[in-house]
Structures are given as structure tokens and as C-alpha cells.
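In order, the protein sequence lines correspond to chains A and B.
full-length UniProt numbering numbers the first residue of the first sequence as 1 and each following residue consecutively.
full-length UniProt numbering numbers the first residue of the second sequence as 1 and each following residue consecutively.
The hints are simulated quantities; they were obtained by calculation from the structure and are not laboratory data.
Quantities reported herein were computed from a predicted structural model and do not represent experimental measurements.
Some hints here could point you the wrong way.
What the hints assert, rightly or not - Which residues of chain B face chain A? A few of them, derived with a C-beta cut under 8 Å, are:
hint : residue
1    : L286
2    : D289
3    : N302
What the hints assert, rightly or not - Calculated pairs, DSSO-like style, for lysine-lysine (alpha carbon to alpha carbon, straight line, at most 30 Å):
hint : chain 1 : residue 1 : chain 2 : residue 2
4    : A       : K142      : B       : K406
5    : B       : K421      : B       : K397
6    : B       : K267      : B       : K182
7    : B       : K330      : A       : K137
8    : B       : K421      : A       : K237
9    : B       : K442      : A       : K126
10   : A       : K156      : A       : K96
11   : B       : K330      : B       : K403
Said to hold, decoys possible - Quick partial rundown of chain B residues pointing at chain A, CB under 8 Å, derived from the structure:
hint : residue
12   : N222
13   : Y251
14   : F382
15   : Y384
C-beta: ideal position from N, C-alpha, C; glycine also.
Each chain, letter by letter, is given below.
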Amino acid sequence: MLEIIHSGLHTSIQDLGRLHYRNVGVPVAGVMDEYHAKLVNQLLGNDENSAVMEMTLQGATVEFHEATQMVICGADLSPKLNHQAIRLNVPVTVKKGDVLQFGKRLYGVRAYLAVKHGFQTENILKSRSFYDGITPKARVEKGDFIPYQTNSNPVKASANIALQRALFTDTEITVYEGPEFNYLSKTQQEKLFNTTFTIGLNNRMAYQLEEILENDCPSIITSAVLPGTIQLTPSGKLIILMKDCQTTGGYPRILQLDQKSIFKLAQKHTRDAIIFKKLSIL
Amino acid sequence: MIHINCDVGEGIDNEEILMPYLNACNIACGGHAGDVETMHEVVALAKKYQVEIGAHPSYPDLENFGRVSMELPETELINTIQEQIANLEVVVKLHDVNINHIKPHGALYNDVAKSEEKAKAFLKAISEYKDRYKLFVPYNSAIEKLAIKQNFEVVYEAFADRNYNDDLTLVSRTKSSAILTKIDAIISHISTLQNEQKVQTISGEKTTLKSDTFCVHSDTKNAVEIVQQLYTHFNTERVTVQPKFPTFTRYGNNGLLLTWEAEMTQKVLYSVLEYQEKITNFRLKLILDVIQSNNSLLIIYNFNKIDFITLQHLLERLFLLLSDTIQLPKQYCWDIPVCYDAQFGIDLDEITQKNKLSTKEIIQLHTAPTYQVFSIGFLPGFLYLGGLDKRLHIDRKSTPRLKVKKGAVGIGGMQTGIYPKTSPGGWQIIGNSPLNFFDVSKEKPCFAKAGDFIKFTAISLEEYHEIANAVTNGTYTVKSTVC
Numbered sequence: 001m002l003e004i005i006h007s008g009l010h011t012s013i014q015d016l017g018r019l020h021y022r023n024v025g026v027p028v029a030g031v032m033d034e035y036h037a038k039l040v041n042q043l044l045g046n047d048e049n050s051a052v053m054e055m056t057l058q059g060a061t062v063e064f065h066e067a068t069q070m071v072i073c074g075a076d077l078s079p080k081l082n083h084q085a086i087r088l089n090v091p092v093t094v095k096k097g098d099v100l101q102f103g104k105r106l107y108g109v110r111a112y113l114a115v116k117h118g119f120q121t122e123n124i125l126k127s128r129s130f131y132d133g134i135t136p137k138a139r140v141e142k143g144d145f146i147p148y149q150t151n152s153n154p155v156k157a158s159a160n161i162a163l164q165r166a167l168f169t170d171t172e173i174t175v176y177e178g179p180e181f182n183y184l185s186k187t188q189q190e191k192l193f194n195t196t197f198t199i200g201l202n203n204r205m206a207y208q209l210e211e212i213l214e215n216d217c218p219s220i221i222t223s224a225v226l227p228g229t230i231q232l233t234p235s236g237k238l239i240i241l242m243k244d245c246q247t248t249g250g251y252p253r254i255l256q257l258d259q260k261s262i263f264k265l266a267q268k269h270t271r272d273a274i275i276f277k278k279l280s281i282l
Numbered sequence: 001m002i003h004i005n006c007d008v009g010e011g012i013d014n015e016e017i018l019m020p021y022l023n024a025c026n027i028a029c030g031g032h033a034g035d036v037e038t039m040h041e042v043v044a045l046a047k048k049y050q051v052e053i054g055a056h057p058s059y060p061d062l063e064n065f066g067r068v069s070m071e072l073p074e075t076e077l078i079n080t081i082q083e084q085i086a087n088l089e090v091v092v093k094l095h096d097v098n099i100n101h102i103k104p105h106g107a108l109y110n111d112v113a114k115s116e117e118k119a120k121a122f123l124k125a126i127s128e129y130k131d132r133y134k135l136f137v138p139y140n141s142a143i144e145k146l147a148i149k150q151n152f153e154v155v156y157e158a159f160a161d162r163n164y165n166d167d168l169t170l171v172s173r174t175k176s177s178a179i180l181t182k183i184d185a186i187i188s189h190i191s192t193l194q195n196e197q198k199v200q201t202i203s204g205e206k207t208t209l210k211s212d213t214f215c216v217h218s219d220t221k222n223a224v225e226i227v228q229q230l231y232t233h234f235n236t237e238r239v240t241v242q243p244k245f246p247t248f249t250r251y252g253n254n255g256l257l258l259t260w261e262a263e264m265t266q267k268v269l270y271s272v273l274e275y276q277e278k279i280t281n282f283r284l285k286l287i288l289d290v291i292q293s294n295n296s297l298l299i300i301y302n303f304n305k306i307d308f309i310t311l312q313h314l315l316e317r318l319f320l321l322l323s324d325t326i327q328l329p330k331q332y333c334w335d336i337p338v339c340y341d342a343q344f345g346i347d348l349d350e351i352t353q354k355n356k357l358s359t360k361e362i363i364q365l366h367t368a369p370t371y372q373v374f375s376i377g378f379l380p381g382f383l384y385l386g387g388l389d390k391r392l393h394i395d396r397k398s399t400p401r402l403k404v405k406k407g408a409v410g411i412g413g414m415q416t417g418i419y420p421k422t423s424p425g426g427w428q429i430i431g432n433s434p435l436n437f438f439d440v441s442k443e444k445p446c447f448a449k450a451g452d453f454i455k456f457t458a459i460s461l462e463e464y465h466e467i468a469n470a471v472t473n474g475t476y477t478v479k480s481t482v483c
């Protein structure tokens with residue numbers, strides 16, 4: 001068991017999500033930054049869908065009640081094991097009673113903690129991803145115990161991972177045209193790709209952008225939306241849907257982020273700047 | 001109309017795209033490729049699309065994919081060929097279909113075409129199948145002559161994607177001119193064969209070549225495009241006018257959106273549900289998920305296996321195959337008890353004032369219709385219902401509530417619905433249902449599905465608590481009738 005001593009700002013257990021219940025309205029959920037979540041599992045030799053702990057901006061303080069190996073990837077929230085600074089992207093052996101805590105945020109927004117074989121919270125509708133109303137909790141709380149398997153066989157140290165800093169610093173967000181892209185006039189389309197946008201309110205459901213794109217686009221009959229879909233509201237707000245987004249929506253879907261840009265966005269913070277770049281598909 | 005055959009089960013894993021366009025397939029049975037698992041998979045697909053099944057024996061040489069000549073003692077060659085065909089026979093029997101033909105593979109195909117000795121050995125190996133299976137042979141070959149003499153039923157095969165030498169052997173794969181990939185060149189090649197019974201060889205000469213069937217290699221890099229284009233080109237009379245709806249739109253690099261008329265009508269809904277049923281029926285591995293909404297279907301596909309254009313072609317072909325034969329799943333009408341007591345119906349007063357109706361009239365108007373479920377979205381288990389009486393239409397609250405109780409029955413604009421869990425919401429609340437609309441412990445967490453119907457029944461506070469208790473104890477079954 002992993003005991004939560006301090007929960008951090010928004011800490012939850014996530015795997016790659018709940019893919020086959022969208023027809024009954026269940027959001028995909030799952031890790032926001034799939035790149036680093038897959039990496040953290042890979043470093044321990046776990047299945048890529050193993051459940052990891054996602055921490056946002058501020059890390060949690062946790063005590064290990066069983067020996068295992070762990071790795072942290074993604075945002076650098078200054079992790080310390082028993083008050084000793086530890087490196088990201090490197091497997092660390094932990095003993096019963098070890099305490100992991102975090103300090104200052106150096107870069108990125110979401111950090112991922114994995115243990116050997118993954119966290120073993122309840123598998124509900126074929127996923128362990130926390131989502132309010134599907135799992136008992138939407139986030140971990142102080143005093144929670146998160147199960148995992150004891151493992152004392154050390155993980156073979158894998159080759160050092162070259163950190164992809166661009167995933168944290170790059171402002172370019174690559175997008176495809178969405179199904180309703182042609183609702184926009186030429187001028188609006190140009191404005192979309194010539195504006196530096198600022199990230200406003202954001203959470204696991206969606207990222208809002210500050211700048212307004214004036215429009216008189218009609219709404220559509222409620223239809224499917226996906227993580228990475230950019231909706232345009234009548235007031236001109238652009239909303240980038242993320243992993244906890246609803247399964248359907250009625251605003252025009254003007255752009256669609258590619259996978260990599262969803263990972264990148266998941267590591268961006270309020271007031272960060274982004275620029276859209278259009279991708280064409282064969 | 002032309003007859004197209006394709007070598008399959010060779011590990012390329014594109015059979016589910018190819019098969020709907022083929023007349024015959026030649027299934028690798030362990031010699032150069034293929035194992036029990038691939039044979040099962042391919043035979044199942046051939047059965048589904050009514051494609052003639054052929055055994056495709058080869059020199060036993062997995063390493064070189066059967067594309068190198070081997071000098072084997074005759075008995076050994078005969079044994080391996082018989083063993084390979086027997087492998088496939090076991091599989092087809094399990095699927096209750098039959099083998100239609102035999103076609104040697106690769107180097108063996110070339111050798112039996114050239115060498116009388118090899119041809120003799122091959123025919124000896126398959127002599128027991130003479131009366132049951134046809135034999136694919138190249139025109140004017142050693143095997144053709146012997147097979148005819150021995151009363152085999154031969155089918156002349158020409159290669160759609162290969163160039164020929166003057167002596168009607170194939171241009172060696174080691175040469176760059178061996179394989180045709182340009183669609184125009186393939187179409188002109190086949191047209192000449194079809195119309196003149198002649199082939200234009202690599203030197204430009206036209207030489208007689210009979211062909212009943214045309215082979216496309218599934219490992220030619222654009223094999224899928226080739227069979228799709230050949231189908232369109234040579235089967236024009238079968239292609240009917242494309243209907244205007246649904247339209248096909250890209251949605252990212254792994255989404256294909258089918259959209260119907262922009263209206264929430266039963267006609268559109270049934271068309272959407274029919275297409276969804278068709279797609280489900282095909283069970284394509286490359287389709288990862290289908291998300292239904294009121295007038296659309298979003299298909300999430302494996303973009304490593306197929307691109308948008310190929311998928312669009314494939315779906316159009318498949319939809320034609322199943323036109324008018326599909327039946328929607330049984331539709332149920334669910335009886336939903338609702339308590340309209342003022343304790344729950346916290347906005348009943350506002351509606352009585354704004355819509356000039358008494359509470360009794362509101363309840364009557366709300367319980368009278370049979371509503372249809374158009375889709376499920378917004379929240380897990382939230383049903384989009386069609387059919388609310390016009391007199392009950394009312395704007396959403398000007399300020400949404402931060403918490404609307406689980407089970408709350410509300411009206412928002414022209415719609416009515418039930419909140420499956422406590423959540424923020426702006427609808428006018430008129431009552432509450434004690435039922436569970438989403439239960440993660442059930443295999444089907446939501447009892448209703450798109451296309452089903454809902455009928456609200458007014459209940460008293462007392463009944464409400466009784467039902468709520470039964471729901472908690474797991475002893476309540478939602479009442480339903482088949483429509």
C-alpha cells in the first residue's frame with residue numbers, strides 16, 4: 001500500500017483510459033500526458049496501460065508500505081526520497097517506510113509516479129482511471145491507501161532517457177481541421193493561425209484560451225467530441241477539450257489536436273502561450 | 001466484371017480490407033507463411049464475404065517466403081504439399097465451407113510452369129483432389145498442358161500487378177520492372193487481357209495469354225488501393241448512385257465522422273442506428289470504437305492499419321453489401337417512475353407561472369408521451385430524449401445550480417431528461433426518479449440504449465421511498481416492454 005500523507009493539488013490514479021463506454025456517456029479519462037505516462041511504465045518494464053499516479057503542479061507526500069521500484073517522469077516537481085533529492089526518469093528502489101515528497105516546481109505541470117506492476121486500485125469498466133461517478137473518488141485524499149504489489153527484484157537499470165525538453169517548452173500546437181472548420185471565414189481561419197493564444201482556466205476536462213475569436217457560427221446538433229477537440233463558443237471562446245471531457249457536445253468543432261500536442265498541452269500552465277500550426281493529412 | 005484473386009494469410013494483416021473486393025483468395029497454409037491462427041481468421045473473412053477459398057501450397061521455406069527454388073526429393077515435395085492442403089482442409093471444415101481451388105505459390109508456381117518434371121510431381125501430389133478442387137494455372141505452361149491431359153479443371157490465371165516476358169514467364173522480382181503499381185497501367189494491362197486475350201510483354205509485343213482470373217499480390221505495397229480501384233473500374237454497373245447521406249468527414253487523423261441531415265427525427269435516428277448496426281456486424285479489427293449521437297456516428301480507427309480514404313471506400317462497399325438486410329436490435333420501452341412532489345419539483349412553481357399551466361397539467365403533459373432515446377451523452381447514463389410536448393418548453397435557469405440532485409427530472413429548452421448523478425445543471429427541475437440510471441457494477445451500466453423508449457409514470461412520495469429502498473437493496477427491476 002501507498003499511504004497518502006499529503007495529497008498535493010490534484011493527484012489521481014490514471015491508466016490509458018476507458019475507451020469503450022463512450023456510447024453510454026462515459027468520458028475516456030486516463031493520463032493527460034500519455035508520452036510521459038508510457039515512459040514511466042516503460043522504465044519499470046510495466047505494461048503501458050499500468051495505472052500510474054498523476055500529480056498536478058504540486059506533488060503529493062506518500063509513504064511506501066511495501067518494498068518496490070518506482071520512477072518519476074514528466075514535470076520536475078523536485079522529488080525527494082527520505083529528504084534526499086532523486087532524479088527523474090531513473091528507477092529507484094524503495095523500502096518499506098520510505099517517504100516520497102516533492103518541492104518546488106521547476107518545469108512542466110504534470111508528474112507521473114509509477115511503481116513496479118502499477119497501482120492496483122479497482123478496475124471499473126475496464127480501467128483504473130479515476131473519474132467522478134465512475135470510480136469512488138476523482139482524486140486521492142490524505143489518508144488514502146493505494147494498493148500495489150510488493151516487489152523486491154531490482155529493475156534492470158535501463159539506458160538513460162534523453163529528456164525531450166521541447167515537450168515542455170515548445171509553444172507550437174499542431175492541429176488538424178475539425179469537422180466544422182469550414183464554418184469559419186477565411187479571415188477567421190487566418191486569425192486562428194496568426195494569433196498567439198494564452199492559456200486561461202484549465203483542468204482535466206478542458207483548457208480555455210483567453211483570446212476571443214468573434215464569430216456567428218451556428219451550433220450543431222449534439223455530436224461526438226474527443227480529447228483534443230477545439231470547440232468555438234458563440235461568445236468566441238476557444239475550448240480545448242482534454243481527457244475528462246464529455247463524450248458529446250453542441251459547439252462547432254473547429255480544430256483537432258494531434259496526439260503529441262495533447263501531451264504538450266497537458267504540461268502547459270495558466271498564462272502560457274501557444275500557437276496553432278495546421279497539419280495536413282494524406 | 002472481372003474475377004480477382006489475391007494471395008492472403010501471409011502475415012500482411014490487410015485481409016479485412018481486401019476481402020470485400022475479392023472473388024477468390026489463395027490462403028497460405030504453412031509452407032511459405034501462415035499458421036492455424038491466420039488460416040482461421042482468413043477463412044472466416046472469406047466466408048463472411050463469400051470469397052472462393054484456395055489452398056496456396058509452397059516450397060517449405062518460411063525464411064525465403066517460398067520465393068526461391070528448392071531441389072527436394074519427389075516424395076518430400078509431395079508430402080509437404082499434401083500436408084499444407086490438409087492443414088487448410090481442417091480449418092475450412094470447422095467453418096463449414098469448402099476449398100474451391102489449389103494454386104501453387106511463388107517459386108513453386110514458376111517451377112511447375114516451366115518444368116514438366118516438377119509439374120508432374122505437383123499434379124501427383126494433388127491428384128486425390130482432382131474431382132473436388134479446381135487448379136489455377138498460367139496459360140501455355142507445363143502444368144497447364146499436363147493438367148488438362150489428366151482431366152483437372154483448370155482456371156487460367158494472369159497477374160494484374162506483374163509484367164510478363166516474351167515467353168510468358170514473369171519478369172523476375174529482382175528487376176525494377178517486375179511489379180506494376182500504377183493503377184492506370186494495371187487497368188490497361190487487364191483490359192488488354194480481358195478484351196483481346198493478349199498481354200503486352202516487357203518488350204512491347206502483344207502475345208496471346210488466356211485469363212479467367214487476375215491475381216493481385218497482397219504484399220504489393222498498394223494492394224488495397226489496387227483492388228479498390230479495380231473494383232470501381234470494372235464493376236461500374238454494380239455501383240449505384242451514392243446516397244447524399246451520410247456524409248464522410250475527417251475528424252483528426254484517426255476519426256471518420258458520418259453525418260446525416262441536421263435534424264432530430266426518428267427517420268434520421270433509425271438511419272444512424274442501422275449504419276451503426278452494420279459497422280458492428282462487420283467486426284472490423286481496424287475500427288476501435290463507434291460513438292453514436294443524434295445524427296452522427298464517429299468511427300475511431302487504427303490509423304496504422306488504414307487511412308481515411310481507404311476506410312471511406314471500404315465502408316461504402318460494406319454498406320452496399322448489407323443494404324436492406326440489417327435489423328435493428330430489439331427496442332424496449334422503459335417505465336420510469338417519477339415523483340413530482342414539491343419536495344423534488346423545485347421549479348414547478350416557475351413553470352406554472354411562465355407556461356400558464358397547473359402542476360397537475362404539467363404532470364399530465366410530461367407523463368403522456370412516449371419519449372425516444374436519441375443518444376446517451378453529457379454525463380454517464382444521461383439520455384437525450386425526443387418528444388417533449390411544446391407546452392412544456394421552457395428556457396434553462398438564468399443561473400445554473402451548482403448541485404442538481406441525482407435522479408432529478410428536468411426540462412431544458414425543448415428537451416426533458418434525468419440527471420443520472422448529482423452535478424451542476426441549468427435545467428428546470430420538476431421531479432425525481434428513484435432509479436439508478438448508471439450502475440458501474442453491471443456489464444451494461446446503462447439499461448437503456450439509443451432507439452429505446454421512455455415513459456414516465458407519476459408516483460407518490462410513499463411509492464418513491466419504497467422503490468428507492470428496493471433499488472438500494474438490489475431487488476428492483478426496471479419495468480420494460482418490447483416495442
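Verification of the supplied hints:
no.: 1; hint: L286; result: violated, 15 Å
no.: 2; hint: D289; result: holds, 6 Å
no.: 3; hint: N302; result: violated, 12 Å
no.: 4; hint: A:K142 / B:K406; result: holds, 27 Å
no.: 5; hint: B:K421 / B:K397; result: holds, 19 Å
no.: 6; hint: B:K267 / B:K182; result: violated, 43 Å
no.: 7; hint: B:K330 / A:K137; result: violated, 36 Å
no.: 8; hint: B:K421 / A:K237; result: holds, 28 Å
no.: 9; hint: B:K442 / A:K126; result: holds, 12 Å
no.: 10; hint: A:K156 / A:K96; result: holds, 20 Å
no.: 11; hint: B:K330 / B:K403; result: violated, 36 Å
no.: 12; hint: N222; result: violated, 13 Å
no.: 13; hint: Y251; result: holds, 5 Å
no.: 14; hint: F382; result: holds, 5 Å
no.: 15; hint: Y384; result: holds, 7 Å
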